[in-house]
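Quick note, the sequences are listed as chains A and B, same order.
Residue numbering for the first sequence follows the numbering used here, beginning at 1 and increasing consecutively.
Residue numbering for the second sequence follows the numbering used here, beginning at 291 and increasing consecutively.
Quick caveat, the hints were computed from the structure, so don't treat them as lab data.
Note that CB positions come from ideal geometry on N, CA and C, so glycine has one too.
Warning: the hint list may mix true and false statements.
Ranges of calculated distance between the beta carbons of each label pair, as one might list FRET restraints [unchecked claim]:
| no. | chain 1 | residue 1 | chain 2 | residue 2 | range |
| --- | --- | --- | --- | --- | --- |
| 1 | A | Met128 | B | Ala401 | 55 to 61 Å |
| 2 | A | Val276 | B | Gln441 | 20 to 26 Å |
| 3 | A | Leu269 | B | Asp473 | 55 to 61 Å |
| 4 | A | Ile196 | B | Val435 | 44 to 50 Å |
| 5 | A | Val276 | B | Val435 | 24 to 30 Å |
| 6 | B | Asp553 | A | Pro129 | 34 to 40 Å |
| 7 | B | Phe475 | A | Ala55 | 25 to 31 Å |
| 8 | B | Glu474 | A | Val45 | 55 to 61 Å |
Spelled out, the chains give:
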Amino acid sequence: MTTVEETTATAERPTATAAAQPPVEPSRYSLRHPQSRIAWVRPAVWLPLVVMLAALGALWQLGAAKLPYLLPPLPAIGQSLGQNLGYYLQNAMITLGESVAGLVIGFVAAFVLAVLISELPIVRRAVMPIAVVLNVTPLVAIAPALVVAFGFGPMPKLVITALICFFPILINTTTGLRSVPQQVLQVYKTMDASRIELLVHLRIPNALPFLFAALRIVFPLSIIGAVVAELSASGATGGLGTVISTASSMNQLAVVYSAILILAVMGVLLLLVITVIERRVLHWHESSTD
Amino acid sequence: MTQAVELASVRKVYGFGPSAMVALNDVELTIEPGRFVSLIGPSGCGKSTLLRLVAGLESADAGTVSVHGVTPEEACAAKLIGLVPQSPALLPWLSVLKNVTLPHKINRGAAGRRERIGALSARDESRGAPDMLALLDKAGLSEAVDKLPSQLSGGMQQRAAIVRAFGLQPDVLLMDEPFSALDEFTRESLQDQLLDLWDELKTTVLFVTHSVSEAVRLSDSVVVMAPRPGRIVDWIDIDLPRPRNQRLFEDARFHEYEDRIRDALHSAWRSADAA
Numbered sequence: 001m002t003t004v005e006e007t008t009a010t011a012e013r014p015t016a017t018a019a020a021q022p023p024v025e026p027s028r029y030s031l032r033h034p035q036s037r038i039a040w041v042r043p044a045v046w047l048p049l050v051v052m053l054a055a056l057g058a059l060w061q062l063g064a065a066k067l068p069y070l071l072p073p074l075p076a077i078g079q080s081l082g083q084n085l086g087y088y089l090q091n092a093m094i095t096l097g098e099s100v101a102g103l104v105i106g107f108v109a110a111f112v113l114a115v116l117i118s119e120l121p122i123v124r125r126a127v128m129p130i131a132v133v134l135n136v137t138p139l140v141a142i143a144p145a146l147v148v149a150f151g152f153g154p155m156p157k158l159v160i161t162a163l164i165c166f167f168p169i170l171i172n173t174t175t176g177l178r179s180v181p182q183q184v185l186q187v188y189k190t191m192d193a194s195r196i197e198l199l200v201h202l203r204i205p206n207a208l209p210f211l212f213a214a215l216r217i218v219f220p221l222s223i224i225g226a227v228v229a230e231l232s233a234s235g236a237t238g239g240l241g242t243v244i245s246t247a248s249s250m251n252q253l254a255v256v257y258s259a260i261l262i263l264a265v266m267g268v269l270l271l272l273v274i275t276v277i278e279r280r281v282l283h284w285h286e287s288s289t290d
Numbered sequence: 291m292t293q294a295v296e297l298a299s300v301r302k303v304y305g306f307g308p309s310a311m312v313a314l315n316d317v318e319l320t321i322e323p324g325r326f327v328s329l330i331g332p333s334g335c336g337k338s339t340l341l342r343l344v345a346g347l348e349s350a351d352a353g354t355v356s357v358h359g360v361t362p363e364e365a366c367a368a369k370l371i372g373l374v375p376q377s378p379a380l381l382p383w384l385s386v387l388k389n390v391t392l393p394h395k396i397n398r399g400a401a402g403r404r405e406r407i408g409a410l411s412a413r414d415e416s417r418g419a420p421d422m423l424a425l426l427d428k429a430g431l432s433e434a435v436d437k438l439p440s441q442l443s444g445g446m447q448q449r450a451a452i453v454r455a456f457g458l459q460p461d462v463l464l465m466d467e468p469f470s471a472l473d474e475f476t477r478e479s480l481q482d483q484l485l486d487l488w489d490e491l492k493t494t495v496l497f498v499t500h501s502v503s504e505a506v507r508l509s510d511s512v513v514v515m516a517p518r519p520g521r522i523v524d525w526i527d528i529d530l531p532r533p534r535n536q537r538l539f540e541d542a543r544f545h546e547y548e549d550r551i552r553d554a555l556h557s558a559w560r561s562a563d564a565a
């Protein structure tokens, strides 16, 4: 509606057109852009972290010198990583495989159940209390029992990882499916949209931001699940959890900390993956506009 | 001829026992096809409830509601009804164009059901899927076709919501205070566009509003309602020439109608207080 007024205004003041042009926005790869992608070259951005890391590293070295039985010196960790990189990577892949597979199982189960819960109140009443109890039961306590039941193979690892991922996805997706604004629902109900149509066109897209919030929690959690399962199944064939438990029993501290470091890196990578996917899928959502 | 909207001795009560609230009591309302009718009244007079009854979102406790001779539920199933709520209620993940075309993918069996409602078949030979791009263009949204709702101003969002409703080619268009959240200037330009679109489609409109001047400007008839219990107290036909543009505000009769409606609202208010 403003176009009419704008054109008359410019017709009266033709000189104003040039001034009214919006200034050319600097490239996002320029430092002048408010959210520049190369902002990290500024010392103000990276210096605090680097100083903090240096301080922590110095503290660590001090601790390692004073308490050699508790902390390995940093160079020893680096040496262990460098010399046995293949060994670490092979075990990392086992752990990663377990966490991703468990994640997929947990995701599918939780998503399907969330849809059923949001559509059928009777399922909600039947399942929700059990899911809550399952969630508050410490998985570390369940893990040994599952190892007894399923043996040292991949099965208990998948079950534990799936369980740990299950609950956040279930709760968030259920909330998202049920939180379509009332007026939107009314518009589509007056078209007599079927429940399937409401689900596909309104509820599931509406649940996506909630789902991704859960996935950001659950991706790193899946690694915790896999490692807990490996630690419980002493004598398992592989995985970084197994590496840690064997190395710590033999007091190889450098190996223990190398494995921990790799686990941390894996967690960061998974978080990165989900962040990238989220930006793609949720480009319309407030959380993605920076 | 069947009426577009017909309410006969409709009663709607919320709650029960001593805390029961009579939202509508003994409401009679008949709207001929193609009329633009506004419901006006203070909050709590049941005008939104009346709209929801016609939309089939709620059911009456007594009396009957019919839309083109069928129940509101059947009317919804045949997509006779378009709804523009108070908020734009667009889907934030869809572009404007996809938002306004989504209704065409919903309930595809509606056209067949509509044909079986005999009274309507005479109304339209030229019915087909409307050109949504042309409609958006007409509403001044041609620049915004590929934008997301969050990238638009409130007024543009509400225009998209109106285009979505008109795109359904509804036989009855229900609007629940669609302009109440907009500033005065935007509201007037949207009223113009609404009248333009309505001029083409000539659908029946039931329009809920708080604003006396908005009601006079848009409507063929204004229905005045009063609260406690919600009821219809007056029916005022607005006999002003169309098209109604800005010059209307200078017309003395425009203000006479405004005064008449205000009087009706005030006397209803006083009688409610006295009761």
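For which of the previously enumerated hints does the structure constitute a violation, in increasing order of number?
1, 3, 4, 6, 7 and 8
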